[in-house]
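S.K.: Spelled out from the first residue to the last, the chains are:
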Amino acid sequence: MLRFTVRRLLQAVPTLFVLSILVFAWLRMLPGGPATALLGDKATPERVAAMNAVLGLDDPIVVQYFRFLGRTLTGDFGNSLITGDPVMEEVSWAFPATLELSVAAMFLAVLFGIPMGYIAARFRGRFLDNATVITTLVGVAVPVFFLGFLLKYIFTQEMSLLPPSGRHDVLIDATRVTGIATLDGLLTGEFDATWDAMLHLILPSVALASIPFAVIVRITRASVLDVQGEDFVRTADSKGLTTQIVRKRHVLRNALLPVSTTIGLQTGLLMSGAVLTEKVFAWGGLGTLLEQAIQQRDYPRLQGLILLFAVVFVLVNLLVDISYAIIDPRVRVR
Amino acid sequence: MALLDVRDLSVVFKRKGTRPFTAVDGVSFSVEPGQTVGLVGESGSGKSVTSLAIMGLLPKRGAEIGGSVTFSDTELLTLSDKQLRDRRGRDLGMVFQDPLSSLNPVITIGLQITEVLERHRGMTRKEARVEAAELLDRVGLPDPQRRIDEYPHQLSGGMRQRVLIAIALACRPKLLIADEPTTALDVTIQAQILSLLSELVSETDTALIMITHDLGVVAGLCDDVNVMYGGRIVERAQRHDLFERSRHPYTHGLLQSIPRLNAPRGEPLTPIRGSVSDNIEWEQGCAFAPRCPNATDVCWSEPPELKADDGRMLRCHNPVAIGDAVTEGAL
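First to last, the protein sequences are chains A and B.
First residue of the first sequence? That's 1 in the UniProt record's numbering, and the numbers climb one at a time after it.
First residue of the second sequence? That's 1 in the UniProt record's numbering, and the numbers climb one at a time after it.
Careful: at least some of the hints might be erroneous.
[Claimed, not checked] Here are the in silico distance ranges between beta carbons for each label pair:
{"id": "1", "chain 1": "B", "residue 1": "R125", "chain 2": "A", "residue 2": "G229", "range": "48 to 54 Å"}
{"id": "2", "chain 1": "B", "residue 1": "G311", "chain 2": "A", "residue 2": "R122", "range": "24 to 30 Å"}
{"id": "3", "chain 1": "B", "residue 1": "R125", "chain 2": "A", "residue 2": "V6", "range": "30 to 36 Å"}
{"id": "4", "chain 1": "A", "residue 1": "Q11", "chain 2": "B", "residue 2": "E75", "range": "45 to 51 Å"}
{"id": "5", "chain 1": "B", "residue 1": "E75", "chain 2": "A", "residue 2": "Q244", "range": "22 to 28 Å"}
{"id": "6", "chain 1": "B", "residue 1": "E64", "chain 2": "A", "residue 2": "W195", "range": "57 to 63 Å"}
{"id": "7", "chain 1": "B", "residue 1": "D310", "chain 2": "A", "residue 2": "Q244", "range": "25 to 31 Å"}
{"id": "8", "chain 1": "B", "residue 1": "P33", "chain 2": "A", "residue 2": "L111", "range": "27 to 33 Å"}
{"id": "9", "chain 1": "A", "residue 1": "R122", "chain 2": "B", "residue 2": "E131", "range": "42 to 48 Å"}
[Stated by the list, open to error] Residues from chain A that keep clear of chain B, each with C-beta distances beyond 10 Å, as calculated:
{"id": "10", "residue": "L22"}
{"id": "11", "residue": "V110"}
{"id": "12", "residue": "F309"}
{"id": "13", "residue": "V311"}
None of these hints come from the bench; they were simulated from the model.
Cβ atoms here follow ideal geometry from the backbone N, Cα and C, with glycine treated the same way.
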């Protein structure tokens with residue numbers, strides 16, 4: 001198991017290396033370089049050339065790449081062209097917010113998705129199953145931003161139950177420790193801040209969870225139906241095991257394999273969903289940074305963000321692979 | 001008193017939008033304690049469905065089961081799911097055809113044995129582990145102490161089948177049903193598994209229902225043989241009678257179609273013509289009529305009954321004549 005984990009970790013290194021080349025190359029292929037972005041469209045060619053020299057953009061591309069790689073490895077992503085602050089600082093300020101939102105959304109999606117998918121499969125073809133299938137179809141089809149506004153309308157406007165946006169109530173003075181608002185309150189003992197942060201977290205995380213939830217329900221349902229028909233389940237029944245053990249040990253455990261893959265892929269997609277959700281709920285996370293960076297051609301920041309997303313994606317898939325190996329012994333030997 | 005008494009068992013599969021399909025049609029036979037009974041037929045003859053019906057393993061929806069299955073004085077067909085689960089694995093064991101797909105790939109073979117022992121023999125996990133190692137040793141698995149922690153994919157086909165047999169026999173059932181237990185195995189392994197099975201059942205006095213399409217298996221193992229065709233039993237005889245003087249044209253055809261080593265070189269095989277898909281309904285006449293060399297008009301118009309005939313049961317209007325029935329040195 002340890003060897004498996006180490007091997008997978010080492011495999012992530014070339015992946016990230018190739019990725020850094022792609023990110024670097026892609027950004028340099030975009031029309032209008034960073035110099036024009038900085039100086040504006042009306043800059044004279046001389047000024048652009050001078051700026052390129054200052055930024056080191058007139059060096060050979062290979063030199064530029066290795067300079068970029070060297071800085072990246074030391075955690076230096078350059079300074080944002082918009083704010084002038086180091087990208088690393090901006091990102092580490094905003095990342096906890098996005099992390100909190102994504103983890104909460106994935107937690108909800110898994111917590112409700114797997115049981116619902118399982119129940120739907122058990123009651124296949126009956127009312128409960130049909131209702132689930134339709135619900136999840138709606139879940140996949142409704143865009144996150146629409147669902148976001150709908151939730152806000154119902155729970156804020158009509159029922160006045162939950163805060164419409166933001167991460168904190170302005171009246172609460174919370175101390176920042178990790179940047180994960182719900183966790184900080186627990187760490188500092190400011191429980192009112194945690195409670196407030198949780199209330200703020202509910203609507204955005206529900207909106208963000210809708211798609212992964214629906215996908216997890218469907219995959220779980222299909223997978224359970226598939227496994228139920230397997231020969232080894234018949235063997236388990238022929239042994240006279242209780243239905244409880246047959247379901248838990250023989251059906252569910254095997255059915256979770258494709259589900260764990262799905263969770264990994266959905267976590268990657270969650271990042272893009274988070275950008276929209278953050279916009280709707282004024283959630284100051286990476287999504288806001290990304291949106292600004294794209295609009296204003298903030299290359300250093302874009303580079304940093306894309307690499308961060310990539311690293312997160314690689315790490316999540318590493319976790320999925322490990323969980324796969326825990327569930328299925330056949331994966332370990334490969 | 002028979003250990004298992006199957007009376008007029010029928011299984012009809014019904015699905016919305018399709019015609020009901022009768023897979024098993026009025027099958028009756030019985031098994032004495034310690035006896036080995038064969039159930040022979042081609043794919044689709046209803047032999048596997050019969051065994052699943054006895055075990056109560058057919059899906060609850062879509063399958064209509066009629067008749068009665070009495071197992072040591074208990075009617076199995078009317079038992080609740082929970083009552084059935086108490087009996088399965090304890091009084092009735094079953095070994096399936098494909099040993100790879102019949103074992104759970106993600107848990108150790110040790111756990112797959114101990115879970116039965118914990119369930120039916122009230123053992124703790126620790127006691128069950130000791131017993132499981134002994135069981136694996138008894139079914140001839142080499143190095144059971146190490147193998148017990150391995151997963152199905154780490155074993156060979158023959159070893160997996162040994163594990164399945166160990167599971168089925170773990171609680172010393174009175175009846176073991178083996179559904180084509182050697183079909184998925186190499187020929188050399190087949191013989192090993194068969195001799196293991198016959199050794200174990202005679203050691204523990206377990207009754208065995210052997211389901212197979214392979215008459216060679218029957219010849220080596222069974223006391224009584226039931227030949228099934230189109231969901232009905234067409235001939236029932238003791239092993240020797242069946243092999244030396246098969247009377248039903250179908251059984252006769254099966255025996256004739258086995259290649260013989262002592263046949264003259266170049267002599268063509270004699271297969272049964274046609275296939276199961278040529279069957280006519282039993283209500284119209286004899287299901288085998290379209291493929292039968294002896295078929296006459298009566299076979300197409302009147303369903304034959306299962307009747308006692310010369311020390312056996314036979315369902316045929318025109319059985320093979322006694323003189324012709326001798327299939328010398330068939331096996």
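S.K.: None of the hints should be skipped; say for each whether it holds.
M.R.: Verification of the supplied hints:
| no. | hint | verdict |
| --- | --- | --- |
| 1 | B/R125 to A/G229: 48 to 54 Å | 29 Å, violated |
| 2 | B/G311 to A/R122: 24 to 30 Å | 52 Å, violated |
| 3 | B/R125 to A/V6: 30 to 36 Å | 32 Å, holds |
| 4 | A/Q11 to B/E75: 45 to 51 Å | 60 Å, violated |
| 5 | B/E75 to A/Q244: 22 to 28 Å | 26 Å, holds |
| 6 | B/E64 to A/W195: 57 to 63 Å | 58 Å, holds |
| 7 | B/D310 to A/Q244: 25 to 31 Å | 53 Å, violated |
| 8 | B/P33 to A/L111: 27 to 33 Å | 53 Å, violated |
| 9 | A/R122 to B/E131: 42 to 48 Å | 33 Å, violated |
| 10 | L22 | 37 Å, holds |
| 11 | V110 | 20 Å, holds |
| 12 | F309 | 32 Å, holds |
| 13 | V311 | 31 Å, holds |
The structure does not agree with the numbered hints 1, 2, 4, 7, 8, 9 stated previously, though it agrees with the rest.
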